[in-house]
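Note that the protein sequences, when read in sequence, are chains G and H.
Residue 11 in this note's numbering is what sits at position 11 of the first sequence, and the numbering runs on without skipping anything.
Adding 10000 to a residue's 1-based position in the second sequence gives its number in this note's numbering.
Hints were generated in silico from the structure; no laboratory data involved.
Incorrect hints may appear among the rest.
Stated by the list, open to error - Once the Cα atoms are required to be at most 30 angstroms apart in a straight line, the calculated DSSO-like pairs of lysine-lysine come out as:
1. H:K10603 - G:K468
2. H:K10954 - G:K468
3. G:K283 - H:K11009
4. H:K10954 - H:K10250
5. H:K10124 - H:K10022
6. G:K211 - G:K33
7. H:K10584 - G:K33
8. H:K10250 - H:K10267
9. H:K10508 - G:K468
10. H:K10022 - H:K10629
11. H:K10536 - G:K283
12. H:K10881 - G:K148
13. H:K10250 - H:K10859
14. G:K349 - G:K283
15. H:K10035 - H:K10091
16. H:K11014 - H:K10267
17. H:K10091 - H:K10247
18. H:K10954 - H:K10794
19. G:K349 - G:K148
20. H:K10755 - G:K138
21. H:K10858 - G:K148
22. H:K10022 - H:K10508
23. G:K148 - H:K10796
24. G:K33 - H:K10615
25. H:K10536 - H:K10796
26. H:K10603 - H:K10794
27. G:K192 - G:K148
28. H:K10755 - H:K10795
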Amino acid sequence: MKNLTLYILGFVLIAFSCEKFDANNTNTNAPEKVNPQFLLSNVIATAADNQAFWGWHAGSFLAQHASNLEFLPIDRYDLGNNEGLWNETYRLLNDLQTITESEQGNEAYTAVANILKAHQASLLTDLWTNVPYFEALKGESNGIFTPKFDSQEDIYTAEGGILDLLEKAVATLKATTSFINGDILFNGDLQKWIATANSLRVRYLVRISSKIDVSAALQNIVDNEALFTSNNDHAVLPYLSASPNQWVIFTEREGRYVDVRMSTNAENILSALDDARIQTFYKPTVNSANSTPVYTGIPNGLSRDSQNGYNLNDVSLMGSFLRDQPDAVEAIFMSYTELQFCLAEACQKGIISGSVQQYYENGINASHDFFNTTLPAGYLSSASVVLDGTSDLERIMTQKWISSFMNGYEAWFDIRRTGFPILTLPADNINGDVYPVRYAYPTTEQAVNGTNYTQAVSQIGGDDYNSKGWWEQ
Amino acid sequence: MKQVVLLCAVTFACFYAIGQQKISGIVSSQETGEKLPFVKVSIKNQNLGTDTDLTGAFELNAKSSDTLSVVTSGYKPFYVLVGNQLTFNIKLISEAQVFSEFVITALGLKRSKRDLGYAVQTVKSDALTEVRNPNLINSLAGRVAGVQTTAGSSGVGSSSRVIIRGETSLSGNNQPLFVVDGVPVSNDFIANNTENLENDFQEVDYGNGVGDISPDDIESISVLKGPGAAALYGSRAANGVIVIQTKEGKKTDGVGISINSSVTFEKIAFLPQLQNRYGQGSGGNFAYEDGLGGGINDGGLTSFGAELNGQLVTQYDGESLDTDGNIVRGGDVIARNGNPISATPFSANPNNIESFFQTGVTSQQNVSLSTANDLGSYRFSYSRLDNSGTIPNTDYTRNNIAMTANMKLTDKLRLRTYANFINSGSTNRPALGYGSENVMYSFLWMGRQVNLENAQDYWQAGQEGFQQFNYNTQWLDNPYFTQLENTNGFNKNRLLGNAMLSYAFTDKLSLRFRSGIDSYTDIRTSKRAFSTQRYKNGAYREDEVNFTELNTDLLLSYENRIGEHINWNSAIGANNFTQQTNYKSLTAGQLSVPNIYNFQNSKIPLVASQFNAQKSINSVYGILGFNYKRFLYVDANVRNDWSTTLPVDNNSFAYYSTSAAFIASELWELPEWLTYAKLRASSSSVGNDTDPFQLSNTFAFNQNYASSPLLTNSSTLLNADLRPERINALEVGTELYFLNDRLGLDLTLYQNTAKDQIISLPVSGATGYTSRVVNGGEIQSRGIEIMLSADVVKKKDFSWNFFANFSKGAAFVQALPEGIDQYTTGFARVYSSSANTVFYIADADGGRIGDMYGTGFKKTEDGQIIYGADGLPIRDNELRKLGNYNPDFIVGFGNELKYKGFALNFLIDWRQGGTIVSRTKAIGSTSGVLEETLEGREDGIIGEGVVNVGTEDKPEYIPNTTPVSAAEYYNQFYNRANEESSLYDASYIKLRQVGLTYTFPDKWVEKMKLNSFKVGVIATNLFTITENPHFDPELSAMQGTNQVFGVEDLSYPSSRSLGFNVQLTF
């Protein structure tokens, strides 16, 4: 009888110890390895979307293209820490790192990944000042789960930093015979990536030009390197008519649109210039809709109480292309317009040689073209536009500011750097009447990377919105 | 609680004989039929005697004039004159309830509670069926020491969570294993993969698995609290086991029919306390034009407008004319086409929210047939539950068909089968969490002047199906529109069943084979109408969960005795567990035609997501138990598991557990008042595996850009070097009964040490990941549980007994993993927004599990809030401790009074301590609808605190004297990025349930040709004492796919219920 039992037991155990036991834990829902093209597509699409999304939700208020009525406290300089963007950006950097390490990759993939990496890294350091960079993304490989924060200067200028990555990427792409797939920005045209890298180098060299002498490097790029030549070859990714690639405000709650209005500052600047782009960027007020269109803003950062004197039917909404169409917005990595204004600024400051006027006019022309707005006759020569030698930098920066409408955070970085255009501090700001220059660090860093966080906070002079980074000190 | 009826069933004939003769017999338990070994059988007043052997048999020489005495502890002494009878079949009657209590322990083995070396507590069917709680888990509240239950806030059908002995696991699961008739069943809570975003479907609670089981089919629920008790169930039992025994057929004449019918009515309790003096607007101004900012402040959400004095103001429900001159409402914006609205009185509508809710009705019906004969027993039961919720157009229905058969196929072969088919479903479950799909969100942002009744006709004139009618078009959905159009239904079919064959080779050797299945398909459909805030063009979504779990085991048992006094038993067995979960979801984010909810109607490409996972565990185990003279019991178990979820070379882990019970009252003569004394101790070490697919990373699909696929690194870094978790547990306890068992005390001390826990730790985003899976450090939890029971009065017509239980425990960090200075085990958020985050952090310096951190105000060293020159409090980015969400202690207190046929029972539940962060408080204060925001409306508010008139480095503080408007003050003080200002103490005392039943006397019942007849009035949640005026602190919140703790996230009002119950058998 006992033998019988043992047989049964043995039988059952054999039945249990299925050969596929270990294969049971193979995740067949998603791949463990992918071709780098899918990661590249992801980084381009997501980074572009971030750029545009944050242009609407944050950059436009900090640059005072728009005002907020109620629910975006950033307009009252309650900036928060934007941990979502922080995490997302590092995740994209992780994707880029995967591309460079991929067995199916090649030097062209690596170079393009490094261009995008430089772009994302500048966003991080310009938003948060000192951030983990050289020790970032090394958890898996080196067991570094509490990365040190690096100085903004090193992130821009050290080996492996932003400028180094871009320069080397250009060199690689010029020489390579490899090609890339999944390039939803340029469809694999590496020449356009070279122009993008060089144009970004111009942007970043100008950005740090008050700290170090960038003159030779910049002049060399202008003289010898390929740059964007028009709105047709710059780094801009359109939204699409079909979901899920629609512009976010097209699908958002009504409130997310009507809560955002034209800023008084924008009204003042654009009206003074008699600028046609006002009609594109904003809607006429409700009360003027059936007569002569009137464009009126509301001051930035008013408390609900302070808005009581305003009839919203006399305050302009944001332009129709930002709400009524899914695909009218284009997300900007780096535009031809911006390149022209960067060069104009560099010329004006004597960093490079060349015609300020030419760059300046190229920029204004390209911006009108980009926003599908006809340049009014006589605009370039009008008294408040023309460079007459009295306030040229302010005029260049003002035109650049207009052209940076909805271009993420770029206008904010420029204002922090040059002080132009001159803004009005929100009356009800809660930042002690100081123009903010950074986000607070994500609270998760305090929670999980406390030692390095504390060190970084003491290096930058406090985890508030007012600790300036290296290039703007 | 049942009093054992004295019954005697000895069969003998009364003949006299002379001289000694050999007599023999068998002693067994009247109640269970269990043969009783070691019972002293002797001739009364003589020293002659013997003990029964393992099979309860005895032999003795006696004269016919002798009186046989059968005495053992726990049973009433039994005396019988020998006469000329030669064989005796003696059935002993247990002495008191406590000793008759049998519990189902590991592997479905039935053990007498007195023998066990660890703490077990049982809830009997009466407690479940008199005041029938639709969710079984809620029936445990207040009844079992060391057990903490939390109900979801969406009414009947919500998920309830149960935690035994606090949280030992950091992974946040902590749910005990549920076992039905010895076979594990799923209590999983598989939520839709929503992400708590601003433009996505909100969370919906579709219930926890065990909530599907009908209380009417349950014979008993035993709670095995420690890992020691549970070791034999394997890794999933590390958090304790809840063992459910289903009812079997009972012996009756013919077929026994029992009917249990109850209907309860639910009314909401705990609505936020609202102000009724000021209406919508700002600075006293308001006029409705289009609810979108076109009037004055009519797109705004705050109630800092004018006093509600009946002054004439244009409102959303005021009269207007359409272009054809027909009367329409102000909010019929499209039909009005700009025509003016007649102004109507601007008055308070104090009951506008309360009147939105309705009386819920829950009907629970059960009929069961049962029979038993010599060949077996059979039971068939049908239960139906119908609920219509307190929130309009929410419901829940459940049908259970259960069959149990216990058959004696041959003398040696027995078969027991159990099958339960369950269909549950709902046409609409309310959306949870923060956002426009939750009507509480609409209410907390709604102006106090709104006459909500006029929103019932929720389409704009001439826009049916296309455009909703609402008081605020900018941010909110009309609550009626939300409830009636935007539904979240589900339909779930589940089969639970098992079959067990047991074969007794001999009296001592038996083999048992058992296999059980738990399989369900849950299809959830979410509909969104055109003009919904989140879905302008409507949307349709289907989520499907397919789940199957199989458990098969084989157990060979052998028992024997060594010498005269030692009885031993042993068993070896093997188990195979396989679980398969398939989840898929499809979404049409925009529809072409309104009111058609299927995928063909999708205007845009469908969004799909899918996840399949499987897991297996193979196990072998062995049991060895000894008992010596019925006063010393020692048990030892070993088990080894092989789990597919762990790395191949590290996937085997063993368990050990030993326990001992020493019944002092059996060995020694104790004072008369101490009737029974037992000491018990157990020690165990159990292993644990993890979820499937935690070893190597995969790339996640993002949605395509045009036709280009996007893939990305996942946000969690997995770990190929995981080791099994280990929990070491120690437990000591005592059970004491006094004064003839009238008073009982059960005391337990426990300590659980969890090492190497597999946890997904949040990690610096700069690593490219937001969390990583690791084997964690060491967490130790300790606690005490005390249970007290008393028969205060025990008369023929009147009795009163009560029970009380007390539990207190906490878990602390003992060691952290390499390179980490504190554990951040998770967080709770609003809209996944980082600014509104509550972190769960346990630091190395004695940090307690459940500590919550968040941001708050800048303060002076002596704790005063620092204000800016503008009179507003200054917030900073620094994390500070907000409190701990776990209670300090829990007390349950129950009473039963019986007078003749009447029985009154009530249960009080007291939870002391714990902190809760309230979103209702934050939002309701910002919006100015909460009662306490009346303060400072006219003259402004001077915040209590100081202003720094010195410098940053050399501060000089003077009291703040700058007044700010109430609107501005509340807006900033209760800023959602500042969790510190919205804390409440989560303590409460609840009168959880009251039941008054009347059992008709037998005489009447017989006349009615019935067996028994009982009627009752039942009530639950009658009153609560708590410090917070706005919500029920007991409810849990749901964010993303998880239930979160210590956070109240616009929970629905809980309800109190009153109802009637009829039970009859015939």
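Handout entry: 30 angstroms limit on alpha-carbon distance, applied to hinted pair K10022 (chain H) and K10629 (chain H)
Key = Holds - the C-alpha atoms of K10629 (chain H) and K10022 (chain H) are around 25 angstroms apart, at most 30 angstroms.
*asked:* So if I understand the rule, the pair passes when the alpha-carbon distance is 30 angstroms or less; does K10858 (chain H) with K148 (chain G) pass?
replied: 27 angstroms, holds
Compare the distance between the alpha carbons of K10035 (chain H) and K10091 (chain H) with 30 angstroms, and conclude whether the hinted pair is satisfied. Since the Cα atoms of K10035 (chain H) and K10091 (chain H) sit roughly 9 angstroms apart, the hinted pair holds (cutoff 30 angstroms).
Hinted pair, alpha-carbon criterion (30 angstroms max): K10124 (chain H), K10022 (chain H). Please report holds or violated. 43 angstroms, violated
Under the criterion that the straight-line Cα-Cα distance not exceed 30 angstroms, is the pair K349 (chain G), K148 (chain G) satisfied?
36 angstroms, violated
Is the hinted pair K10954 (chain H) and K468 (chain G) satisfied, with a Cα-Cα distance of at most 30 angstroms? 22 angstroms, holds
Would the hint linking K10881 (chain H) and K148 (chain G) be met if the CA-CA limit is 30 angstroms? 25 angstroms, holds
Tell me if the straight-line CA distance from K10584 (chain H) to K33 (chain G) falls inside 30 angstroms. At roughly 23 angstroms apart (the allowed maximum being 30 angstroms), K33 (chain G) and K10584 (chain H) satisfy the hint.
K10091 (chain H) paired with K10247 (chain H) [C-alpha distance capped at 30 angstroms]: 24 angstroms, holds
Given the hinted pair K148 (chain G) and K10796 (chain H), is their Cα-Cα distance within 30 angstroms?
78 angstroms, violated
key: Restraint check for K11014 (chain H) with K10267 (chain H), where alpha carbons must lie at most 30 angstroms apart   = 26 angstroms, holds
Just to be careful, I want the Cα atoms of K10536 (chain H) and K10796 (chain H) compared with a cutoff of 30 angstroms; is the pair within it?
70 angstroms, violated
In the structure shown, a violation is registered for the earlier hints numbered 1, 3, 4, 5, 6, 8, 9, 13, 14, 18, 19, 23, 25, 26, 27, 28, in ascending order.
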